[in-house]
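Asks: Order-wise, the sequence lines are chains A, B and C. Going by this note's numbering, the final residue of the first sequence carries number 282, and the count climbs one at a time with no gaps. Going by this note's numbering, the final residue of the second sequence carries number 292, and the count climbs one at a time with no gaps. Going by this note's numbering, the final residue of the third sequence carries number 335, and the count climbs one at a time with no gaps.
Rather than coming from a laboratory, the hints here were simulated on the basis of the structure. We treat Cβ as the ideally placed atom computed from N, Cα and C, and that holds for glycine. Heads up, some of the hints might be wrong.
Claimed, not checked - Cross-link-like lysine-lysine pairs, in silico, DSSO-like; alpha carbons within 30 Å at most:
1) C/K178 / C/K212
2) B/K9 / A/K275
3) A/K275 / A/K187
4) C/K131 / C/K113
5) C/K108 / A/K187
6) C/K131 / A/K275
7) C/K212 / B/K2
8) C/K178 / A/K187
9) A/K187 / C/K102
10) C/K168 / C/K178
11) A/K275 / B/K2
12) C/K102 / B/K2
13) C/K332 / C/K244
To be verified - Quick look at which bits of chain B chain A covers, simulated, 3 or more residues with Cβ under 8 Å:
14) 24-38
15) 68-79
16) 83-93
17) 132-145
18) 151-158
19) 223-236
20) 269-282
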Amino acid sequence: MVENRPILNILAHLVLILGVAIVALPVWIALVASTHASNDFLGGVVPMWFGDQAWNNYSRMLGTGISTSGMPPVSWMMFNSLIMALGIAIGKIAISITSAFAIVYFRFPFRMLAFWVIFATLMLPVEVRIVPTFQVVANLGMLNTYPGLIIPLIASATATFLFRQVFLSMPDELTEAARIDGAGPMKFFWDILLPLTRTNIAALFVIMFIYGWNQYLWPLLITTGSDMYTVVAGIKRMSTVADTDPQWNYIMATAVLAMLPPLLVVIFMQRLFVKGLVETEK
Amino acid sequence: MKRVVFNNKFLPLLLLAPQLIITAIFFLWPAAQAIRQSFLREDAFGLRTEFVGIDNYTALFRSSEYLNSFSVTLIFTVSVTVVTMVFALLMAIAVDRLIKSEKVYTTLLIWPYAVAPAVAGILWWFIFNPSIGILPYVLRQVGINFNWIFDPTDAMIFVVIASAWSRISYSFLFFLAGLQSVPASLREAAAIDGAGPVKRFFTITLPLLSPTTFFLLVVNLVYAMFETFAVIDATTLGGPAQSTNILVYKVYQDGFVGQNLGSSAAQSVILMGIVIVLTVIQFRFVEKRVAY
Amino acid sequence: MASITLDNVGKVYPGGTRAIGDVNIDIADGEFIVLVGPSGCGKSTLLRMVAGLETITEGQIRIGDRVVNDVEPMDRDIAMVFQNYALYPHMSVRQNLAYGLKNRGTSKADIEKRVAEAAEILQIGPFLDRKPRALSGGQRQRVAMGRAIVREPAAFLFDEPLSNLDAKLRVTMRLEIKELQRRLGTTSIYVTHDQLEAMTLADRLVVLSAGKVEQIGTPLEVYRKPASTFVAGFIGSPAMNLIKASSVPHLPGTAHAGMIGIRPEDLTVSADGPIQMKVAAVEELGAQRLVHGHIGGDAATVTMASDATLSDDLNLTYRPGSLHLFHPETGKRID
Chain A
1 MVENRPILNI LAHLVLILGV AIVALPVWIA LVASTHASND FLGGVVPMWF GDQAWNNYSR
61 MLGTGISTSG MPPVSWMMFN SLIMALGIAI GKIAISITSA FAIVYFRFPF RMLAFWVIFA
121 TLMLPVEVRI VPTFQVVANL GMLNTYPGLI IPLIASATAT FLFRQVFLSM PDELTEAARI
181 DGAGPMKFFW DILLPLTRTN IAALFVIMFI YGWNQYLWPL LITTGSDMYT VVAGIKRMST
241 VADTDPQWNY IMATAVLAML PPLLVVIFMQ RLFVKGLVET EK
Chain B
1 MKRVVFNNKF LPLLLLAPQL IITAIFFLWP AAQAIRQSFL REDAFGLRTE FVGIDNYTAL
61 FRSSEYLNSF SVTLIFTVSV TVVTMVFALL MAIAVDRLIK SEKVYTTLLI WPYAVAPAVA
121 GILWWFIFNP SIGILPYVLR QVGINFNWIF DPTDAMIFVV IASAWSRISY SFLFFLAGLQ
181 SVPASLREAA AIDGAGPVKR FFTITLPLLS PTTFFLLVVN LVYAMFETFA VIDATTLGGP
241 AQSTNILVYK VYQDGFVGQN LGSSAAQSVI LMGIVIVLTV IQFRFVEKRV AY
Chain C
1 MASITLDNVG KVYPGGTRAI GDVNIDIADG EFIVLVGPSG CGKSTLLRMV AGLETITEGQ
61 IRIGDRVVND VEPMDRDIAM VFQNYALYPH MSVRQNLAYG LKNRGTSKAD IEKRVAEAAE
121 ILQIGPFLDR KPRALSGGQR QRVAMGRAIV REPAAFLFDE PLSNLDAKLR VTMRLEIKEL
181 QRRLGTTSIY VTHDQLEAMT LADRLVVLSA GKVEQIGTPL EVYRKPASTF VAGFIGSPAM
241 NLIKASSVPH LPGTAHAGMI GIRPEDLTVS ADGPIQMKVA AVEELGAQRL VHGHIGGDAA
301 TVTMASDATL SDDLNLTYRP GSLHLFHPET GKRID
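Use the sequences and the hints to build the structure in full.
Replies: Take a look at the structure:
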């Protein structure tokens, strides 16, 4: 800081504390609500302090779920989410890194065409081509399958561009040295390129895991059988399927469980997360 | 461009194949289908389709519901972007001032990124719940009746807040990075030239931050237009009375719920046009990354 | 060990620009050849053509008896030392040295033995398990050389290997490279833009300009009998004075020459000397001084003892037989 003005510092702290409070409010309330019994919500206003039903609510949701709504246990939905998130993250990284490798390290016919085809995916988010994409997946018999959940989402221009950028910044001499040392293209890829791209891969993995876990529209469309529900798409069904008022304590417990894995990833891998975020969207 | 390349014609195609095949099957083909369907009309039983030219498009622009969705989208998108960015910038400026506690506050502010927009919608639904939610309760104490289930304005406020909340951490991180890359020497020079903190912010920091601001503007607009689908679907379902029925949500409703394929396809094509324009703007003016 | 032959070698880029034209060099087994020239003269391109990193569009390159024009770099039996060393940053020194051997299927025991030998020769034993980033510039340089040595190739190719080092280290490493090459007796091609480095290292120099060979010869040959005005101006420090013959019309035997070259150390002050020089500036070097000025319209330099008297106008004479004459149109040497 240029000059030392304690007043401004105090103001900054005040603004931040208020900001953090606003940002944290929804999660606080969810956390509190998930520790109460259903009938604590019947009258007046939601409780602001913890109840004693945490164990009941969470163990019930993880173990059996809300039986009346025909929903699978949350633990099962979380397992589905995990498969989807890992599949998307790994799949995206795998096909993007090989694409970038091909585009950067080879000259071949239709190279520019390939580049623009990949670029085009940026302009076609799933939201704008929902119906025909659903039809394609249905025709391929991929509804209600893990591949159906994962594969349509793993094409990625962003990740391909990121790796392309990383590869372009690698010194040419490294490739030449490897060629003289007798490494062919795939050997160079495995022995030199992949190890040198490790942190980029890790950062991208963090971002893509969160992206995959938080998918909503796609799983909502293509999972019609309850055993394939993911937790993020499942909550919504849980709140609408219930006959009476949604059972807030259970829904909030599920919400807390649904945000937990990505939240832990962001908090404990903050450095990689920030790196990934800045790199992929810059 | 690399000076050194491997001489192999087949291998690169093999390496590209997974990405290209997936793109072709799940991106290009559906997009082409959308374009094709947008010129067709299916009868009520899905037995016959006929070519109707641009009828689906003209019908859309004559439909007050669709035009309403356009203005709803505009209000919603701009509000989400403005709320997100103002809040994020304020936080970033404050954090940038406090060198010692920077890390703690940053951690406390970035985690909403991890919360899925759909879950964010549910959380805010709970807070705004007209009968038991905390905010309507507080507002009732000061005589305001807040009920998004019946009131279009309240519904809009509700989805804007829920959508903006999900996006704050992202903008915050970029603003903070932008602020920290303003050279200290510039601020010091301005201070010596007699500019106080407020003046310095508006004459030095903000102009230097404009590339970041512009980037975030575009990215947040795209987010608000498309990725907020989950927020709407988890909360208002476009209601009440179409007041929060943004364009992406309407495509889905007309296509899946209403089964009106021709109209939904035409809407898809229009949305594609919007995304293409936004993407071109982003890459033309924001990044030079695809300069080949 | 092998000879290397370049036969009418040339390179034209796809766009039509010519990088290298009609180069002929016969490199004997065990010889140390230095390619020298200003930046952009094509010396690195030529080296990379020998390495197989650039295509050859004209002529033939042979290593030993084998034409290698279309042979992959790894199959040419050469090793290369790069300007920025190009060490694999994620591998330890030991892994860096072993990588090329491993790819060629050398047995584990053999790799270990050769790495140990190379480490011994280059005194990098203590760093074998470190990563390159934990090494100093000079140590990295040694590792880069080690990577070449372990392979026991037919030839070493050096691409400006010392230009990333500071001046003092450069001199030490220069000597080490020379000594190492003597000891191993491996045919070497070395690229540099530094004429001093070229002079001190080379068995024979190849002076290049604009993609063409200007002269091939031992350092002394090139120094004593530069084949063109380009070589004359490039080799030797301070550079040879090149004066238009018309500025000094009365010098005997120079009638048919366009340019006359005289090395600064071959000029001496003499009251009745036939050459007049206008002095512009003086550089004191301690033991001697460099006097800069003009002879006719051309810039010229004279080395003088530091106690010699100075005036604004000097009359100079030259050591007999020290004049170099160059053809008025081609700039080639006339003998």
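Asks: If a hint holds in the structure, say so; if it doesn't, say that too.
Replies: Hint by hint, here is what the structure shows:
A threshold of 30 Å between alpha carbons decides the hint, and for C/K178 with C/K212 the separation of about 26 Å falls inside it, so the pair holds. Distance check on the hinted pair: B/K9 and A/K275 sit about 34 Å apart at the alpha-carbon level, beyond 30 Å; violated. Distance hint between A/K275 and A/K187 is fulfilled; the C-alpha atoms sit about 28 Å from each other, no more than 30 Å. Only pairs whose Cα atoms come within 30 Å are accepted, and C/K131 paired with C/K113 is accepted, the gap being roughly 20 Å.
Between C/K108 and A/K187 the alpha-carbon distance is near 19 Å, which keeps this suggested pair within the 30 Å criterion. Taking the CA atoms of C/K131 and A/K275, the gap is near 24 Å; set against the 30 Å cutoff, the hint holds. At roughly 26 Å between alpha-carbon atoms, C/K212 and B/K2 fall within 30 Å of each other, so this suggested pair holds. A hinted pair counts as satisfied when its Cα atoms are at most 30 Å apart, and C/K178 with A/K187 does not qualify at roughly 34 Å.
Using a Cα cut-off of 30 Å, the hinted pair A/K187 and C/K102 holds, with the two alpha carbons roughly 12 Å apart. Using a Cα cut-off of 30 Å, the hinted pair C/K168 and C/K178 holds, with the two alpha carbons roughly 16 Å apart. This hinted pair checks out: A/K275 and B/K2 have alpha carbons roughly 25 Å apart, not beyond 30 Å. Between C/K102 and B/K2, the direct Cα distance comes to roughly 26 Å. Compliance with the 30 Å bound is thereby established for this hinted pair.
This hinted pair checks out: C/K332 and C/K244 have alpha carbons roughly 14 Å apart, not beyond 30 Å. Counting residues of the region 24-38 of chain B whose CB lies closer than 8 Å to any CB of chain A gives 11, so the stated coverage by that chain holds, three being the minimum. Given as covered by chain A, the region 68-79 of chain B fails the check, having 0 residues with a CB less than 8 Å from a CB of that chain where 3 are the minimum. A count of 4 residues in the region 83-93 of chain B with a Cβ less than 8 Å from any Cβ of chain A is obtained; the coverage claim is therefore met, three being the minimum.
Evaluation of the coverage hint for the region 132-145 of chain B: fulfilled, as 4 residues show C-beta separations to chain A shorter than 8 Å, against a requirement of three. Closer than 8 Å: that is the beta-carbon criterion, and the region 151-158 of chain B has 0 residues meeting it against chain A, so the requirement of 3 is violated. By the rule of at least three residues with a Cβ nearer than 8 Å to a Cβ of chain A, the coverage given for the region 223-236 of chain B holds, with 6 such residues. Check on the region 269-282 of chain B: 5 of its residues sit with their Cβ under 8 Å from a Cβ of chain A, so the three-residue criterion for coverage holds.
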